[in-house]
Amino acid sequence: MSATEKAMEAFVHETGGWVAAQLEACTRCGMCADACHFYQATGNPEYAPVWKMELLRRAYEQRFTLVGGAKLALGLDKAITDEELAHWGDLNYEACTVCNKCSMVCPMGIDIGSLLHGMRAGLAAAGAIPTDLAAAVTKQVNEGSPLGMTDKVWDQRLEWVADEWEVEIPRDVKGATTLVVFSSIEVMKFPTNVAAIAKVLNKAGEKWTVSSKAREIVNFGFYEGNEEHTKLFLNRVLEGAKELGVKRIVVTECGHAYDALRWHAANWIPEANDFEVIHITGVLGELVGDGRIKLKPGAFDNDGTITFHDACKIQRKGGHIQEPRDILKILAPNSFKEMTPNREESVCCGGGGGVIAVKAADPVRYASFELKMAQVNSVGAKTVTMTCSNCRLQYTDSVEHFNLDWKVTGLAQMVADALVE
Amino acid sequence: MSSQAVLEFARGPFFYFALLFMLFGLAYRLFNVISLGWNKDRVVPMGSKSKGVVITFLKAFLIWPFIPWVKDTFNRNPLIYIGGGLFHLSLFVVIILGTPHMLVWKSLIGLGWPTLPLPVVDWMSAVGIIAMVILLINRRIHPVLKLISGPAEFVAWLFVFLPMITGYMMTHHIGGSYEALYARHMISVDVLMIWIPLSRISHFVFYFFSRAIHGQEFGKRGVAV
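First to last, the sequence lines map onto chains A and B. If you count the first sequence from 1, position 129 lands on 129 in my numbering, and the numbers rise without skipping. Here my numbering runs 1000 ahead of the position in the second sequence, where the first position is 1.
Since the hints were derived computationally from the structure, they do not count as laboratory data. Any given hint might turn out to be false.
As the list claims (entries may be wrong) - Derived EDC-like pairs: lysine to aspartate or glutamate, alpha-carbon spacing no greater than 20 Å straight-line:
hint	chain 1	residue 1	chain 2	residue 2
1	A	Lys189	A	Glu276
2	A	Lys78	B	Glu1153
3	A	Lys203	A	Glu421
4	B	Lys1146	A	Glu84
5	A	Lys213	A	Asp301
6	A	Lys207	A	Asp151
7	B	Lys1146	A	Glu46
8	B	Lys1071	A	Asp132
9	A	Lys189	A	Glu159
10	A	Lys71	B	Glu1153
11	B	Lys1051	B	Asp1041
12	A	Lys174	A	Asp274
13	B	Lys1040	A	Asp274
14	B	Lys1071	A	Glu276
15	B	Lys1146	A	Glu54
16	A	Lys359	A	Glu421
17	A	Lys359	A	Glu370
18	B	Lys1049	A	Glu143
19	A	Lys152	A	Asp132
20	B	Lys1146	A	Asp77
21	B	Lys1040	A	Glu271
22	B	Lys1059	A	Glu345
23	A	Lys329	A	Glu286
24	A	Lys207	A	Asp132
25	A	Lys247	A	Asp301
26	A	Lys231	B	Glu1153
27	A	Lys294	A	Asp417
28	A	Lys337	A	Glu276
29	A	Lys213	A	Asp132
30	A	Lys382	A	Glu286
31	A	Lys139	A	Asp155
32	A	Lys294	A	Glu206
33	A	Lys329	A	Asp274
34	A	Lys337	B	Asp1072
35	B	Lys1040	A	Glu227
36	A	Lys382	A	Glu421
37	A	Lys203	A	Glu168
To be verified - Derived list of chain A stretches under chain B, where covered just means 3 residues or more per stretch with a C-beta under 8 Å from a C-beta of chain B:
hint	stretch
38	102–114
39	336–350
All C-beta atoms in this analysis are idealised placements derived from N, C-alpha and C, irrespective of residue type, glycine included.
So that you can see chain A by itself, here it is in the shape it has in the complex (with noise of 0.2 Å):
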């Protein structure tokens, strides 16, 4: 079977009546185009998100209506060739976070960020991904994670972290209630985020766990939009929660993985619906709603103006938007500041959906976190918290890249920092 051939098999797959409905009440409008944060950088057209799920209209079309066969047939339109799947490969994975603030925007309410998520199927299918991209999806097929963190890494970085920030790490318990799911982005390179989410939990009475079987959160599968790839990788977290017999998943801060294992998970895997899954940021909510943990009120008061990065697939795709706010009243009453747009109308940070792992994407990646430096500028911050660790990346790495004085951090870790022991 060709390269298209396949391509268009994952899309007549992805093509459903809700797929179908949305792709017909595009009026190509264009209005996308100035909510995508690639296109407001770079003011290249092909990056607007109606022109990134082209070829899943097309398909579409030429396969499931009468009017697209005649064109085909009368020679109007064409059939979609290898190069088209290569172009949008790069269009796809390069230039889209999968953000969905273009549906925001959209006077119809087209979900295009699920559109552009069954565009990514058709790619992943015809194996129109970047290098680097596909590399670490086969790094988490067979060493069970992208970022290198083997079953003996793991091992010895949980130690590490542990004896580090002096800290109870529970493992592998049976009969815990809550089976905490780290990303390897924090193992690896966020490991105080790790040792944080552990000092609260501990502190709140939490009987919690982690797992050496469910020990990756970060699902490549999803990012490169490969059904078999992400339910294998949904599958290791649930096995390993079952394994154990927790009542719940927390997704730690990935945002990616716990759109899959909260939003689709249930759909492809009616299992996950055992178990309660919840994302870090609503546990924090939680543990400081109901008082099981103390925070000290202004804790944070003198830093400097502190402003708050909304993640795309944990506020406006996840729903915890209101729990970081409440939090950051309690620690930075007077010098916490909102960035405009905010909340679900948020500007994405540019390194998610896989692009930070795309080196060919790196110079768009830069000049997209330009319109967030802008932002936070605008308020005068110095201090950046954000409850995703695949957003932090991006910041400090462009923090790097462009000088900036600023602090990035996490909020686990300032809730840790500021509990009242």
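On the provided structure of chain A, position chain B as indicated by the hints.
Structure of chain B alone, referenced to chain A:
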């Protein structure tokens, strides 16, 4: 053939043919989409889906079209918001609140309603025509719109524009006898009705799906938009 004969044809058999073609065409398009199947969503919601749907429709109908600048994207491309908004408002005023059109509705569905005075409707139709011209120019020069527009977009524009301009000419008796102007208007309306199910002008049908999906998706995540 005399103008009178053309008019009789255009408002008689051709009109009813076009009307039925549009209705059956749209029904077919709907059936085609629905028959692709709808997977049941097994995900446990965090908020209410139906609340999301209600809120998004209320916002779309009552708020966004009238205060477009609530969106930050408005500032980057105000033309398309204002042009698109005025065009649709003009359509609503002329087709629903214009006396001659209300009478057509009355003859078709047996129901009438109060209408606006002719000068108001007339001005709004002029606004719609100007908006259409501006949107066409914008489509020819905006880099994104240039990229995503093909013959289909321009043909659709033309078939929407013709009934508007012929209707305006008819009201003002420009360019021929009353019968000739009326005939031209009716033919352009008939052509438009035939073209609707063959093109993206049909978006008004699928709008209710996509808007509802938007409400469900955000409602189930507890994000009310």
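A quick look at each hint next to the structure:
1. Taking the CA atoms of lysine 189 of chain A and glutamate 276 of chain A, the gap is about 28 Å. The hint is violated against a cut of 20 Å.
2. Under the criterion of a C-alpha separation no larger than 20 Å, the hint pairing lysine 78 of chain A with glutamate 1153 of chain B is consistent with the structure, at around 18 Å.
3. As the CA atoms of lysine 203 of chain A and glutamate 421 of chain A are separated by approximately 8 Å, the hinted pair is consistent with the 20 Å bound.
4. Between lysine 1146 of chain B and glutamate 84 of chain A, the direct Cα distance comes to roughly 19 Å. Compliance with the 20 Å bound is thereby established for this hinted pair.
5. A threshold of 20 Å between alpha carbons decides the hint, and for lysine 213 of chain A with aspartate 301 of chain A the separation of about 41 Å lies outside it, so the pair is violated.
6. For the proposed pair lysine 207 of chain A and aspartate 151 of chain A, the alpha carbon gap of about 23 Å is over 20 Å, so the pair is violated.
7. A distance of roughly 11 Å separates the Cα atoms of lysine 1146 of chain B and glutamate 46 of chain A; the hinted pair therefore holds under the 20 Å criterion.
8. Straight-line distance between C-alpha atoms of lysine 1071 of chain B and aspartate 132 of chain A comes to about 36 Å, which puts the hinted pair past the 20 Å bound.
9. With a C-alpha separation of about 15 Å, the suggested pairing of lysine 189 of chain A with glutamate 159 of chain A holds against the 20 Å cut-off.
10. Restraint check for lysine 71 of chain A and glutamate 1153 of chain B: satisfied, since their Cα atoms lie roughly 14 Å apart, inside the 20 Å limit.
11. Using a Cα cut-off of 20 Å, the hinted pair lysine 1051 of chain B and aspartate 1041 of chain B holds, with the two alpha carbons roughly 17 Å apart.
12. For the hint pairing lysine 174 of chain A with aspartate 274 of chain A, the CA-to-CA distance comes to about 16 Å; that is within 20 Å, so the pair holds.
13. Proposed proximity of lysine 1040 of chain B and aspartate 274 of chain A is supported: the alpha carbons are some 17 Å apart, at most 20 Å.
14. A hinted pair counts as satisfied when its Cα atoms are at most 20 Å apart, and lysine 1071 of chain B with glutamate 276 of chain A does not qualify at roughly 35 Å.
15. With a CA separation close to 14 Å, the supplied pair lysine 1146 of chain B and glutamate 54 of chain A stays within the 20 Å bound.
16. Taking the CA atoms of lysine 359 of chain A and glutamate 421 of chain A, the gap is near 44 Å; set against the 20 Å cutoff, the hint is violated.
17. A C-alpha spacing of about 18 Å is found between lysine 359 of chain A and glutamate 370 of chain A, which places the hinted pair at or below 20 Å, so the restraint holds.
18. A distance of roughly 39 Å separates the Cα atoms of lysine 1049 of chain B and glutamate 143 of chain A; the hinted pair therefore is violated under the 20 Å criterion.
19. Proposed proximity of lysine 152 of chain A and aspartate 132 of chain A is contradicted: the alpha carbons are some 24 Å apart, above 20 Å.
20. Taken as a hint, the lysine 1146 of chain B and aspartate 77 of chain A pair is honoured in the structure, with Cα atoms around 17 Å apart against an allowance of 20 Å.
21. For the suggested pair lysine 1040 of chain B and glutamate 271 of chain A, the alpha carbons sit about 15 Å apart, so the restraint of at most 20 Å is met.
22. Taking the CA atoms of lysine 1059 of chain B and glutamate 345 of chain A, the gap is about 15 Å. The hint holds against a cut of 20 Å.
23. Distance hint between lysine 329 of chain A and glutamate 286 of chain A is fulfilled; the C-alpha atoms sit about 15 Å from each other, no more than 20 Å.
24. In summary, the hint linking lysine 207 of chain A to aspartate 132 of chain A is not supported, as the alpha carbons are separated by about 39 Å, beyond the 20 Å threshold.
25. Taking the CA atoms of lysine 247 of chain A and aspartate 301 of chain A, the gap is near 37 Å; set against the 20 Å cutoff, the hint is violated.
26. Restraint check for lysine 231 of chain A and glutamate 1153 of chain B: the C-alpha separation of about 40 Å exceeds 20 Å, so the hint is violated.
27. Proximity of lysine 294 of chain A to aspartate 417 of chain A is assessed by CA-CA distance (about 11 Å); at most 20 Å being required, the pair is judged to hold.
28. Of the supplied pair hints, the one linking lysine 337 of chain A and glutamate 276 of chain A is violated, its CA atoms being roughly 33 Å apart against a limit of 20 Å.
29. Of the pairs offered as hints, the one joining lysine 213 of chain A and aspartate 132 of chain A is violated, with about 25 Å between alpha carbons and a cut-off of 20 Å exceeded.
30. As the CA atoms of lysine 382 of chain A and glutamate 286 of chain A are separated by approximately 28 Å, the hinted pair breaks the 20 Å bound.
31. A hinted pair counts as satisfied when its Cα atoms are at most 20 Å apart, and lysine 139 of chain A with aspartate 155 of chain A qualifies at roughly 18 Å.
32. For a cut-off of 20 Å, the pair hint linking lysine 294 of chain A to glutamate 206 of chain A stands: about 14 Å separates their Cα positions.
33. Of the supplied pair hints, the one linking lysine 329 of chain A and aspartate 274 of chain A is violated, its CA atoms being roughly 35 Å apart against a limit of 20 Å.
34. A hinted pair counts as satisfied when its Cα atoms are at most 20 Å apart, and lysine 337 of chain A with aspartate 1072 of chain B qualifies at roughly 18 Å.
35. With a C-alpha separation of about 18 Å, the suggested pairing of lysine 1040 of chain B with glutamate 227 of chain A holds against the 20 Å cut-off.
36. With a C-alpha separation of about 27 Å, the suggested pairing of lysine 382 of chain A with glutamate 421 of chain A is violated against the 20 Å cut-off.
37. Distance check on the hinted pair: lysine 203 of chain A and glutamate 168 of chain A sit about 11 Å apart at the alpha-carbon level, within 20 Å; holds.
38. Counting residues of the stretch 102–114 of chain A whose C-beta sits closer than 8 Å to any C-beta of chain B gives 10, which meets the bar of three, so the coverage hint holds.
39. Given as covered by chain B, the stretch 336–350 of chain A passes the check, having 4 residues with a CB less than 8 Å from a CB of that chain where 3 are the minimum.
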